[in-house]
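Participant: Each chain is listed here by its residues.
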Amino acid sequence: MDLTFNEQELAFRDELRAWLAANQPGTEPAGDEDAAYGWRRDWQRRLAEGGWAAVHWPPEHGGRGASLTQSAIFYEELASANAPLPANVLGLLLAGPTIMTWGSQEQQERHLVPILTAEEIWCQGFSEPDAGSDLAALKTHAVKDGDEWVVTGQKVWTSGAQYAKWCMLVARTDAQAPKKHQGLTYFLMDMEQPGVQVLPLRQITGESEFNELFIDGARVPDSNVLGGVGNGWKVALTTLMNERAGLAFFLQVRLRQLLDALIREASGRGLLEDPVVADRLGELHLKAEVLRLTAYRGLTAIEQYGQPGPEGSLTKWMWSETNQQLTQLAADLLGPSALRSGDRWAYELLRARGNSIEGGTTEILKNIVAERVLGLPRAR
Amino acid sequence: MHFDLTEDQKEIRRVARELLAARSGWEQVRAAAEGRAYDDALWRELCSLGWPGIAVAEQHGGQGLGAVELAVLLEQLGYACAATPFLSSAVAAAAIQAAGSDDQRARWLPGLASGETTAGIGTKANWGPASAGHMAGSGTPWLAADAVGAAVLVLLDGDAAQLAVGAEVETLEAIDPTRRYATVSGGDAEPLGPGAADLIRTAIAAEVVGVCQRALDMTLAYVKERKQFGVPVGSFQAVSHRCAQMLLETESARSTALYAAWAAGAEPARLPEAAALAAAAAADAGRTVTASAIQAHGGIGFTWEADVHWLYKRAQLDAALLGGARRHRARLAALAAHRAATPA
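From first to last, the protein sequence lines are chains A and B.
Mind the numbering: the first sequence is residues 36 to 415 in my numbering, read in order.
Mind the numbering: the second sequence is residues 327 to 670 in my numbering, read in order.
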């Protein structure tokens, strides 16, 4: 047991802190999503110039070969410095590592640098209207035509598609395969072509982080198949395995900052004297700490055994529940002033509703825990 | 950063788990509980292995290990729901080792480490408001585990702990028959140094983690086996999601208990907050996880025969010894307010 950082970890953190202090991202442009995105894109360019855009990538691809703990430190420090996530976060966390695992030499040389520098943004074309939690049920299909594939179908919940040059696309290439997760292929699809249409989805917050993607005869050359025809399920799992690792630490610090802000507001109104308020804030403080501790336990488990322990599947579920509880408490404590459109707390309250749906609904996460961790029979 | 037991600690865990599985199954626990007695043969065996002195320095006859090793043993004893005075004696000894004076150590530790004498631990029997510094007025009696026949008592009141001798002790039949309880009043008390109360609560929290884990394991075995509508009841989401929730609460308690046990030895400055986290998480998790175990067992879970009730009852008394979750959340709120007011 040692819950302190070792010398390399401390050196990494101090170097990063010094860099962040000298390279403040400034304030997010308010009320203009495109401007805010451009700001995050600029931020990633600066991170890349400093060698901080993809610390977990190996040095030969422009990363620092950071350990899992150093990666966790990176996201914790980024959040602590009030800096945003880099614009091309899906490229850095998902597409890059998947291409490194499955990509040919040519594919790696073509794609990794533009991901790192945010020159080319990536989106993830997995979910469909009838294939959300049940991903293997996806219907988008690709048909071979000479040395190209012709893709038709629809994707949904595609974050950042309006800015993306490339899409990690999973499509069905063999409708006759005996099982539904067979016969899938993973493509690197160019978004800038007539067969691809992006329609923003307006969220309950009024913003559009997500999109619908209509694909009608889009063309993908053979050279943009990743990991082989018919191997798409395995390649997609690589992407999904990478999904939750580093972000947990960013989100955990954000939650702590939000809780601190709520405590300051509650304190300013004299609410901390109320034992019921203190009890609920004490509970949230406990949950925020449990989240941090459990995330670190998960890191140790992965470092030791190569896979997360039972606690690893719990953090996203715990985080979403805690964030929802926190934002609801804020609305309850602060009253009508927290419910004005445009107010920070009003925004957080609405945005938090998505937390237990995006990246795996809580119900599906509970199924996964029950079946894969606890060994219970398949849910019905 | 290495948030896991060391190889040596895992070995202690393995040995403890195997010994208790062989020596303290439900048959033995039930016999002791129904006879309102301890499993003396088991206790003698634990003493001969030096367990009560695990966190006592070698110069006082102990093993010279720390709070993490103590927590490892307690988790396994909680898992077995073993009927011994181990918790009180070993934890009192650890507290005297960590926060006692030289005189107190010399006087009490050799006997406690060898098992020749035993100690009791207690808390105020009737509680006042959670926000008050003390749990109740000075005249209030104490609820103590293992006080009958104990050479010395360690009594907790809020952040403070004291050593008491010569107190008036009266047997109390609590709902948990796997352990002996008493009401304590009077006697001569001398204070223990800072950190004693936090260390004791950390250790109790570790026992609760074991209680939760056993409740979860028993429930999983049952819902995989028990069939209704032609399928195992564990295939219904209402049941399987309850089990997932039990895991979440057990692992939350485990994360905080391990953190606090580590802090007790390595970073005492972090112990007050870590112990409050562990106590709040364990008091609630113990109660809800064992209650869930009864529910998931259905009608059989409500019977005396089913054995899950021993865990529920132990969890209730452990939560009481911890001081309940509420007062620790009040302490955490105050700590969080302090942190929020002073940005890093």
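Source of the hints: derived by calculation from the structure; they are not laboratory data.
All of these numbers come straight from a predicted model, not from anything done at the bench.
Among the hints, a few may not be true.
Negatives, chain B to chain A, calculated, CB over 12 Å [what the hints assert, rightly or not]:
{"#": "1", "residue": "Arg431"}
{"#": "2", "residue": "Ala515"}
{"#": "3", "residue": "Gly521"}
{"#": "4", "residue": "Gly591"}
Some chain B residues near chain A, calculated using beta-carbon distances under 8 Å [unchecked claim]:
{"#": "5", "residue": "Cys569"}
{"#": "6", "residue": "Leu574"}
{"#": "7", "residue": "Leu658"}
Ideal placement from N, C-alpha and C gives every residue a C-beta, glycine not left out.
Participant: If we take the beta carbon of B/Gly521, is the closest beta carbon in chain A still more than 12 Å away?
Facilitator: holds (18 Å)
Participant: Against chain A, with CB atoms and a cut of 8 Å, does the hint on B/Leu574 hold up?
Facilitator: Interface hint status for B/Leu574: holds (5 Å vs cutoff 8 Å).
Participant: Non-interface claim for B/Ala515: all C-beta distances to chain A beyond 12 Å?
Facilitator: Non-interface label stands for B/Ala515: nearest chain A Cβ at 29 Å, farther than 12 Å.
Participant: Hold the hint about B/Leu658 up to the distance rule: shortest CB distance to chain A must be less than 8 Å.
Facilitator: Interface hint status for B/Leu658: holds (4 Å vs cutoff 8 Å).
Participant: Would you check whether the claim that B/Arg431 is not at the interface survives, using Cβ distances to chain A and the 12 Å cut-off?
Facilitator: holds (25 Å)
Participant: Quick check on the hint: B/Cys569 CB to chain A CB, less than 8 Å?
Facilitator: holds (5 Å)
Participant: Hey, does B/Gly591 actually stay past 12 Å from chain A on C-beta?
Facilitator: With a cut-off of 12 Å, B/Gly591 comes too close to chain A, as the shortest Cβ separation is near 9 Å.
In this structure, the one hint that does not hold is number 4.
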